[in-house]
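K.L.:
Sequence:
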Amino acid sequence: AVGAAQTGYDILEVPLLDPDSVDASMIRRVLEGRNLVASASLGLPFDADVSSEDAEVVERGERRLEVALDLAASFGAQHLCGILYSGFGKYSAPPTAAGRANSVMAM
Numbered sequence: 001a002v003g004a005a006q007t008g009y010d011i012l013e014v015p016l017l018d019p020d021s022v023d024a025s026m027i028r029r030v031l032e033g034r035n036l037v038a039s040a041s042l043g044l045p046f047d048a049d050v051s052s053e054d055a056e057v058v059e060r061g062e063r064r065l066e067v068a069l070d071l072a073a074s075f076g077a078q079h080l081c082g083i084l085y086s087g088f089g090k091y092s093a094p095p096t097a098a099g100r101a102n103s104v105m106a107m
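For the sequence shown, the numbering used here gives the first residue as 1, with consecutive numbering after it.
Think of the hints as simulated: they come from the structure by calculation, not from any bench. It cannot be assumed that every hint is accurate.
Simulated crosslink set (EDC-like; lysine to aspartate or glutamate; CA at most 20 Å straight-line) [what the hints assert, rightly or not]:
1. Lys90 / Asp47
2. Lys90 / Asp54
3. Lys90 / Glu32
On a predicted model such as this, the values are computed, not experimentally measured, just so you know.
Given the sequences, and given the hints that come with them, work out the whole structure.
P.N.:
In structure tokens:
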């Protein structure tokens, strides 16, 4: 963060791929002490893919999105970006109509 601020950056992106490892209060302190703001990012794993047709998988994805939003808000992030609409990876086929509808509902 010190190097980012000294170089002229004013925003840091905080990845939330492993929410349990994120220390929100430490991030907030670091940002405030250096006039930086945060953005958060996330890539959903395939076992929490909100574009799945499997209701349990979609539910895990929705919970993961809620945790990420709460965590991002706790350290002051104004944005949550990344792959929020499906699993993070390559697919062999496009989403089905039901999968797309699940993704829209999760958002």
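K.L.:
All hints, please: hold or fail.
P.N.:
Here's how the hints hold up against the structure:
1. Lys90 / Asp47: holds, 14 Å
2. Lys90 / Asp54: Answer holds: Lys90 to Asp54 is near 18 Å, not above 20 Å.
3. Lys90 / Glu32: Distance of about 38 Å is beyond 20 Å: violated.
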